[in-house]
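Colleague: Sequence:
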Amino acid sequence: MIQALRGMKDILNPDNERFIHIINTASRIAERYGYQYIETPLLEETALFKRSVGESSDIVGKEMYQFIDKGGHDVCLRPEGTAGVVRAFIQNKLDKKGGIHRFYYHGPMFRYERPQKGRLREFHQFGCESFGEGSVYEDFTIILMIKDIFDALGIGYTIKINSLGCPECMPGYRENLVQHLHGIQEELCEDCQRRIETNPIRVLDCKVESCQNLLKSSPVIVENLCEACDSDFNTLVKLLEAHSLPFERDPKLVRGLDYYTRTAFEFVSSEIGAQSAIAGGGRYNRLVEFLDGKSTPAVGFALGIERIMELVKMPEVSREGLYLGLMEPEAIETILQLAHQQRQHETVYTEYNKKSLKAHLKAADRLGAKRCAIIGEDELKAGEIWVKDLETKEEKRIAIDQFN
RNA sequence: GUGGGUGUAGCUCAGUCGGUUAGAGCGCCAGAUUGUGGCUCUGGAGGUCGCCGGUUCGAUUCCGGUCAUCCACCCCA
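In terms of my numbering, the first sequence has 30 at position 30, counting the first letter as 1, and numbering is strictly consecutive.
Don't read these hints as lab results, they were simulated from the structure. Quantities reported herein were computed from a predicted structural model and do not represent experimental measurements. Please note that a few of the clues may not be correct.
What the hints assert, rightly or not - Below, a list of computed lysine to aspartate or glutamate pairs in the EDC-like style, where the Cα atoms sit at most 16 angstroms apart:
(1) K313 - D151
(2) K313 - E44
(3) K358 - E377
(4) K370 - E333
(5) K62 - E113
(6) K313 - D148
(7) K216 - E197
(8) K396 - D378
(9) K355 - E320
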């Protein structure tokens with residue numbers, strides 16, 4: 001038997017409803033916030049991700065589905081959504097056009113990792129990217145939008161926030177940090193020793209306990225921000241407090257991708273295993289110019305659909321649709337004709353085979369149909385159809401041409 | 001990439017200290033009710049015991065390997 005590749009799942013049966021419900025809910029809310037749908041290719045030039053996500057990240061370093069296509073191009077399946085949207089933004093010259101552009105998207109992402117709870121090789125994200133608005137109010141608004149989405153889905157969460165500074169203050173802080181880290185280098189774990197050179201900020205996020213103990217005295221980003229970054233961060237904190245959003249400051253929160261500046265945030269849930277981040281995002285004012293566009297401030301986020309699937313509270317479902325069946329084979333033409341007629345305005349399940357009334361009712365019940373309509377011997381002779389409402393239990397016989 | 005757990009019916013799992021015909025619950029199909037769903041009762045269908053090899057008179061059971069899957073590390077949504 002051929003089965004799906006490791007870490008790749010079919011979405012069917014009961015899960016497909018949750019999946020679609022999440023996308024529909026998030027899309028509806030994003031549109032209310034002025035976002036427009038964008039679809040970008042799943043496959044992009046590898047260089048796009050190397051330059052945006054960053055060579056030092058694990059995503060680019062070892063998790064990409066990368067290959068050379070038949071034309072000799074180095075391509076890879078997108079490991080995340082932002083890079084492609086930014087590429088599209090630049091390619092379509094929206095950076096030069098100016099103004100504000102807000103996009104939402106959803107679709108599969110691919111990372112070659114060892115699967116575990118909440119982590120797949122092919123997974124789905126819903127994301128938003130806002131271009132051209134540099135105000136921290138936009139950062140706040142985007143967090144508020146995620147809150148709206150999770151509230152609408154009935155999901156509990158806490159928010160973690162941090163600021164990653166800007167070209168003004170980050171380099172100084174970074175240097176400071178590197179110096180401090182060199183001081184304790186010997187005692188840090190192997191990964192952290194490597195990170196000092198490649199991506200020192202990530203050391204702060206190390207999960208190794210001994211490292212965390214050593215890092216207690218290390219400089220904190222939010223205490224070393226320049227005036228503008230500091231002011232934005234304080235404004236964000238005040239706004240979150242004013243709107244009673246449950247958040248905590250997390251100086252160790254370093255978004256995994258290199259392009260973030262200033263605001264970084266994460267929504268986490270304690271109910272889904274070790275992979276607790278259910279949404280993450282932040283501001284990335286420098287990415288557009290990194291990818292050869294005109295410098296444009298931007299902020300965005302993505303949420304992991306599979307990670308929130310089991311947390312979503314689905315709305316009550318009521319019986320819906322019509323079941324059509326027959327007890328005399330000659331009625332099949334009528335059944336097919338009625339099915340097509342009714343499908344103009346409702347869901348119709350048809351059973352082509354002759355079955356007992358009991359079997360039909362049982363099948364209709366199991367499908368969750370509202371009505372069960374059957375043509376049996378008597379009805380066939382009379383040109384009628386028997387209809388039962390499975391909720392009210394009301395039943396009647398009516399002429400075929402009166403059925404609706 | 002590393003570590004650990006688990007592979008027996010469609011699903012959840014028992015079980016076999018190595019022995020003839022491998023079980024339960026749920027689900028499915030049928031009947032009880034010659035045309036009335038959900039409840040009940042009765043019956044039935046459904047299994048290469050993950051795969052390959054080794055030990056053995058004999059392996060679903062023991063051993064080795066392999067594959068798959070789950071959980072965790074790393075990292076991230």
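Colleague: Now tell me, hint by hint, if it's right for this structure.
Modeller: Hints, verified against the model:
Proposed proximity of K313 and D151 is supported: the alpha carbons are some 10 angstroms apart, at most 16 angstroms. With a CA separation close to 35 angstroms, the supplied pair K313 and E44 exceeds the 16 angstroms bound. In summary, the hint linking K358 to E377 is supported, as the alpha carbons are separated by about 15 angstroms, within the 16 angstroms threshold. Proposed proximity of K370 and E333 is contradicted: the alpha carbons are some 23 angstroms apart, above 16 angstroms.
In summary, the hint linking K62 to E113 is supported, as the alpha carbons are separated by about 8 angstroms, within the 16 angstroms threshold. For the hint pairing K313 with D148, the CA-to-CA distance comes to about 14 angstroms; that is within 16 angstroms, so the pair holds. The straight-line distance between the Cα atoms of K216 and E197 is roughly 20 angstroms, outside the 16 angstroms bound, and the hint therefore fails. For the proposed pair K396 and D378, the alpha carbon gap of about 13 angstroms is at most 16 angstroms, so the pair holds.
Proposed proximity of K355 and E320 is contradicted: the alpha carbons are some 22 angstroms apart, above 16 angstroms.
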